[in-house]
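Two independent chains are provided; combine them into the complex using the hints.
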Amino acid sequence: MSTIFGSSIGRKLLMSLSGLFLVVFLIIHLSINLLLLVPDGGQMFNVAANFMALPLIKYGLQPVLFAGFIVHIIYAAILTAQNNKARGSAKYASGNNTKDVMWASKNMFVLGLTVSAFLVVHLIDYWVPLQITHAAESITIDGVEMHNTYALVNAAFAESWRVILYVIGALGLTIHLTHGFWSAFQTLGLSNNIWRSRWTVAGIAFAWIVGLGFAAIAILQFAFYQ
Amino acid sequence: MENNISLTLKVWRQNGPKEKGRFETYKLEKVSTDSSFLEMMDILNEQLINDGNEPVAFDHDCREGICGMCSLYINGRPHGPDDDVTTCQLHMRKFKDGETITIEPWRSAGFPVIKDLIVNRNAFDTIIAAGGYTSVSTGGVPDANAIPIPKVDADEAMDAASCIGCGACVATCKNGSAMLFVSAKVSHLALLPQGKVEAARRAKNMVAKMDELGFGNCTNTGACEVECPKGVSISNIARLNREFLKAKLQD
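As you go down the protein sequences, you meet chains Y and C in turn.
Take the first sequence: its letter number 189 is residue 189 in the working numbering, and every next letter is one higher.
Take the second sequence: its letter number 79 is residue 1079 in the working numbering, and every next letter is one higher.
Looking at chain C on its own, in the form it has when it is part of the complex (with noise of 0.2 Å):
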């Protein structure tokens, strides 16, 4: 059975980095609850498009919950809604007939905005970039026998590697903490023999890094828990200050 509903939208529109944004309100009819929020962007995008207006910008790739690329704060929430999902896999029966939405680009320092609901998420390259690797190839998966790992923690590395790097957790932070996403990255590589090896410069790096492009200091409110896609826990930020005071320790 389809359901429409008809909708009106308030956007956030910004001409460039520079430039001063302001919200436009769009009127939307007979949108399917079966379509996806994005798809919902897609029917206005037409919509504006057929009227000789400029489109709205917004980040979108897989499409199917994995890539971390589409963001937007719907409602009061980074992905809208409903919990668990990213804004692709959100539906648009989350929503009332005649109900007014609010779509907001990701809001920190750390993400300045580059047009309409579209950030800049380098920051989370850069941090990636000054750790969260192992230096050299460990090859293809080894037999399961050959390096024993205990499933619990194989399975908290597994949880932790979930972290797709959307940047929910910081847009929702109230300090506008990359903790949770730097956590998972350091987590997933220090629970495992493979990135034991460099956990210690590893942590002490990617902290580093975070620090110096301005995201703000974790005060354990949990917010980026609650909003996280994956359900990343903030049982990954002790394990973060764990690797990294030892690491600090050691020197």
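So here's chain Y without its partners, still in its complex pose (with noise of 0.2 Å):
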């Protein structure tokens, strides 16, 4: 086991495992934000947001979260500047005209960058209010007392600037999986003649799920929860 991460498989084994788990995480967070949508005042997305911020979570699974985010974006810039550096410094005055290449395949990394922009926003526009200066307003909801995260996304939303660039980001995100997600299961070896058209299926199905869901909560916050 002691040199499996120094070997290219098992660094593309982190990057799977990580991307997996935050897969995992992705799923979590659409279902939570799908709540947005319940025409309630935002009653049952507060209890949620509460329920995730309980201390178990807050401070059990969020580092691991963190974790999984910080394995995958510098183990993405170790694989990338060594995959420069075995490419090599003549390039091909021809370019390359191989067919069928899916696009996605070859910009992972810029695709993660528009992800991680997306990500810095995020963690200023809602965790520093939310879990570190707690300078988000209260509510209280069931005679208990919580931030009102709801009032804080539909703000923000309530900005056209800023649900293009979410919906834009989302875009970024679907793109992103619809690469990694097959790929996750091609490097844990799971993956043969018939499971990788299977995984491919399914990961670009998922992908578009996704980013179309967190596209379309953006959009319908904006035009009619206002």
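Hints are computed from structural coordinates only; laboratory data are not their basis.
For clarity, every value in this text was computed on a predicted model and none was experimentally measured.
One or more hints might be untrue.
[What the hints assert, rightly or not] Below are the DSS-like pairs computed for lysine-lysine, each with C-alpha atoms no more than 30 Å apart in a straight line:
1) K1010(C) with K1020(C)
2) K91(Y) with K1018(C)
3) K1010(C) with K106(Y)
What follows is the structure, encoded as structure tokens:
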């Protein structure tokens, strides 16, 4: 086991496992965000958001989530640097005319950057006021005092430029996932001629459900919930 | 019916490994569309020699698509515009009259240029030497009923074994990764009972050697599979990942 992460496949294994972990996070995140569309003035969303701020989740799971992001981002940078070195300094004058290669697969790092830009804005807009400074306003639901997370989100989605950026970020995430999902299983070795097409189809479907889901929530919030 | 085309060739010329290379432009008249790409190169060299110039150095051997010696990155693709062929099997009917053809060597940190269009592919031999074999002689072909092998496995092993080690996978890979080559070599042995005995050690040693020689990390773009003249599938890469991870977990 000692040198597994020193090998190319070991480093890819870390990308694969951290990626799949982040996929699980996306499912939970999208599920909770869908509550933003429940027309109850944000009550259910606030209760769910408050649940996610429970000490066990905040101090137990959140560090694991951060670790997942950090591993994925750091290893992306390491792998990209190593791969650029392996490609060599001499470039092909006639370019690359190889057909049938998914665009996303060749631009995962750049697509990852759009997602991480999105992530940083997210931390500043929500994580800091909700969990660090507690500057977000409070609301009492069924006798429990909690942050009015809904109001914070709702106000953010009132600004059209934010909605546009959000949709671009969601689109970047979608394209990232169209390659990342099946690629994770390929790296784990859980693929062959039959399963590769299954993972690919599942990955593309998942990517668009997640991407369009996040984008739709932002647009609907902007259009109908103000 | 024979057709002739005239061509403009932009060819990479480099005197030695440490020398700075450059493109030279040559004109060729009346090239038969029935000739192969390498025959066209022969015509070019004959013309250069007759004019008192140094011929272009390029790799070639069997010229029937089975040795893996010919290389050449032609108009943005390893082995040129045709699919599933080596350069010797590429014919000039794939090009148009008056076309400009750019001819470059394989480019990758793992394959340094020796001269002109010839690159050093010893790295592949070194990887094979690290484990791409069975340690004991397994004898001649046994009776078909002596060691039963499922047809599916036999076919997959044969498909993987069709890799000729030409290096097109590395040449086209944006990561300069040799995973398709290594996975084919690991797969064709791992699928058969004679090779299974040493499967774990083989996967570990060959991957370690591949990493040591500076090949990149596979990101599953699948470009290698598209450019492979033998159509070796990237499902072999999944198998290599599986074999390697299994072997490492047993340590």
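For each hint, the structure was consulted:
Between the alpha carbons of K1010(C) and K1020(C) the distance comes to roughly 16 Å, so the proposed pair stays at or under 30 Å and holds. The straight-line distance between the Cα atoms of K91(Y) and K1018(C) is roughly 16 Å, inside the 30 Å bound, and the hint therefore holds. A threshold of 30 Å between alpha carbons decides the hint, and for K1010(C) with K106(Y) the separation of about 27 Å falls inside it, so the pair holds.
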